[in-house]
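Turn these sequences into a full structure, and let the hints guide you.
Protein chains: 2
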Amino acid sequence: MSGSFLDAPLSGFLSALASGSATPGGGSVAALTGAQAAGLVAMVCNLTIGKKAYAAFEGEARELLAQAEARRAELAAFIQADTDAFDELMAAYKLPKASDDEIAARKAAIQAATMRATEVPLAMAAAARAVLPLCGPLAQHGSRTAVSDVGAAALAVRAAVPTALLNVEINLASIDDAAFAERARAQAAALVDGLDEQVAEVLATVRARIAG
Amino acid sequence: MSGSFLDAPLSGFLSALASGSATPGGGSVAALTGAQAAGLVAMVCNLTIGKKAYAAFEGEARELLAQAEARRAELAAFIQADTDAFDELMAAYKLPKASDDEIAARKAAIQAATMRATEVPLAMAAAARAVLPLCGPLAQHGSRTAVSDVGAAALAVRAAVPTALLNVEINLASIDDAAFAERARAQAAALVDGLDEQVAEVLATVRARIAG
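First to last, the protein sequences are chains A and B. Each residue of the first sequence is one higher than the one before, starting from 2 at the first, in the numbering used here. Each residue of the second sequence is one higher than the one before, starting from 2 at the first, in the numbering used here.
Keep in mind that the hints are not guaranteed to be accurate.
Pairs count within a copy or across copies, as identical chains cannot be separated in the list.
[As the list claims (entries may be wrong)] Distance condition first, Cα-Cα at most 27 Å in a straight line; then the derived DSSO-like pairs of lysine-lysine:
#1 Lys-53 with Lys-95
#2 Lys-95 with Lys-52
#3 Lys-108 with Lys-95
#4 Lys-108 with Lys-98
#5 Lys-108 with Lys-52
To be clear, the hints were calculated from the coordinates, so they are not data collected in a lab. The structure presented is a predicted model; accordingly, all values stated were derived computationally and were not measured.
Listed below in structure tokens is the structure:
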């Protein structure tokens, strides 16, 4: 698949995903899932803003919209960035290893590329997680007819964060820098801390508003 | 957004999602998330087939691939179908209601469209759920370098199924046909039964193979 995934047809992204090429893979899926979460939050903000019934919430809805759109742009860019980081890692593995110098240079390139392929999904998990705090107030006070879409956003965050972190986990296994690995593990742990509980809270609010 | 979402750029789908139009919404997101799950399973099958190390599993991998590709096609089509079903429901609400005949015709059209907007996400949830049984054997016996992508697929199923069912839930609230509603509720309950546990099993297998 040539060019950026964002500019190509959606069907092309799905076909490239299913193909026997390792990219795009789970990392790009995490980014797209996170971008969908942010997009759903933005939609519900847009369906809330300008409606008389939600006038008291309009200021907050505008702020939530700005944040959702910032996260959406970030996460959409990660769809491609994750694939690029993985491709660079694969390229490093293909470097020559005929001499001691080449072996050392290849090892250093692999380490650098593995760190990059760890930082990208960590940053993407953080961006996806940042969508979740937008969901609570929107589920409570936003457009009731679109409240199920806030629940859909929370469920998408609950998929995107651990999916991105699976890539962090798999790459940390081959990183020599213990301090880097420890820092990354701590960041990953913080990003899932309380995630399921906060998603469950949003869903409970959504269900209460659907029922009531 | 004109034409099919599948033929339009991925960025266009995300922009349409974020816009103040109610479609595409959570239903299309569920379908795309499910299609991504199926795509990831297909990718790992493709990365397994033809590799000496996995020769004993190749026959099964080919069967899993065929099933994953069938589910992917089905779920990709639901991205548009869900939006179409919702748009038809909105059109029914806009029918004239000046006379008793018009009121009765409008009510019947709304009921028919609401049923359709319930059946589509139910069918999409079933298709997404059907991806999960493909993940277990693939996580256990498929390509180890791509095993995190099987975990990503399971996490996508765990998002797609309840997201689609939120739309079922919200539409059932306005369906008069009690037998239809009861049947749909039973189907929805069956589709989430054991879901989290089965996803957790797949993730445990993935983590064990990453570790070892």
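Hint check results:
{"no.": "1", "hint": "Lys-53 with Lys-95", "verdict": "between (61 Å within a copy, 21 Å between copies)"}
{"no.": "2", "hint": "Lys-95 with Lys-52", "verdict": "between (57 Å within a copy, 19 Å between copies)"}
{"no.": "3", "hint": "Lys-108 with Lys-95", "verdict": "within (11 Å within a copy, 65 Å between copies)"}
{"no.": "4", "hint": "Lys-108 with Lys-98", "verdict": "within (9 Å within a copy, 74 Å between copies)"}
{"no.": "5", "hint": "Lys-108 with Lys-52", "verdict": "between (59 Å within a copy, 26 Å between copies)"}
In the structure shown, no violation is registered for any of the earlier numbered hints.
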